[in-house]
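Chains as they are written, first to last, in this note's numbering: chain A, 3 to 118; chain B, 4 to 117.
If you are wondering where the hints come from, they were derived from the structure by calculation, not from laboratory data.
The beta-carbon is built from N, C-alpha and C at its ideal position, and this holds for glycine as well.
There are no misleading hints in this set.
Distance condition first, Cα-Cα at most 16 Å in a straight line; then the derived EDC-like pairs of lysine to aspartate or glutamate:
#	chain 1	residue 1	chain 2	residue 2
1	B	K112	A	D40
2	B	K112	B	E91
3	A	K73	A	D56
4	B	K61	B	E23
5	A	K73	A	E26
6	B	K104	A	D61
Quick look at which bits of chain A chain B covers, simulated, 3 or more residues with Cβ under 8 Å:
#	segment
7	42-50
8	107-117
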Amino acid sequence: DGGITQSPKYLFRKEGQNVTLSCEQNLNHDAMYWYRQDPGQGLRLIYYSQIVNDFQKGDIAEGYSVSREKKESFPLTVTSAQKNPTAFYLCASSLHPGTVANYGYTFGSGTRLTVV
Amino acid sequence: AQSVSQHNHHVILSEAASLELGCNYSYGGTVNLFWYVQYPGQHLQLLLKYFSGDPLVKGIKGFEAEFIKSKFSFNLRKPSVQWSDTAEYFCAVNARRNFNKFYFGSGTKLNVKP
Chain A
3 DGGITQSPKY LFRKEGQNVT LSCEQNLNHD AMYWYRQDPG QGLRLIYYSQ
53 IVNDFQKGDI AEGYSVSREK KESFPLTVTS AQKNPTAFYL CASSLHPGTV
103 ANYGYTFGSG TRLTVV
Chain B
4 AQSVSQHNHH VILSEAASLE LGCNYSYGGT VNLFWYVQYP GQHLQLLLKY
54 FSGDPLVKGI KGFEAEFIKS KFSFNLRKPS VQWSDTAEYF CAVNARRNFN
104 KFYFGSGTKL NVKP
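Using the sequences and the accompanying hints, generate a full structural model.
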């Protein structure tokens, strides 16, 4: 079945460490996105990528980094510069950048990151 | 800045009751509007969307939503809920001039008692 795979489902990190969250899709979608969800708040856009080797900052990019070396993969690194990294992270994709408004996103199941 | 407000954070209903979940947004330009649903243990999925035309849109599973431009609202409704509608519901807004940016509300958890 086609879809988005996020791993791991739960992740624990010590303060001061970088950690990378995986996002893989086999939908042949061009565009991929990372969102962060905090309790009582909506999803907030961290980074997005419209094509391979290109990505743009979202609303809360500080303390995060991404890469898009392959169409299928859009890993997110939470760096030690992120002041409050404990959150639920969702990866999403859309067929083309312009179709996200037509068809919406396909979401992954998310990764819950906890800093200990 | 754009924002999306969902005022009901947690709603509890009995089966067959009617449902209305509020969604208001703040953006003066042309928007696309969405409702997403997340059933327990499942991914977020699209419930319905509005782009233009008839402001009353129908989605899957008997849900509908009405866009009232003057009120900046896009409320979700269902005449008679079922236990299987227990889920979290998110309203989202996309500004047409920036199709990559969606703004999500904080979500409403709906519990339907059998």
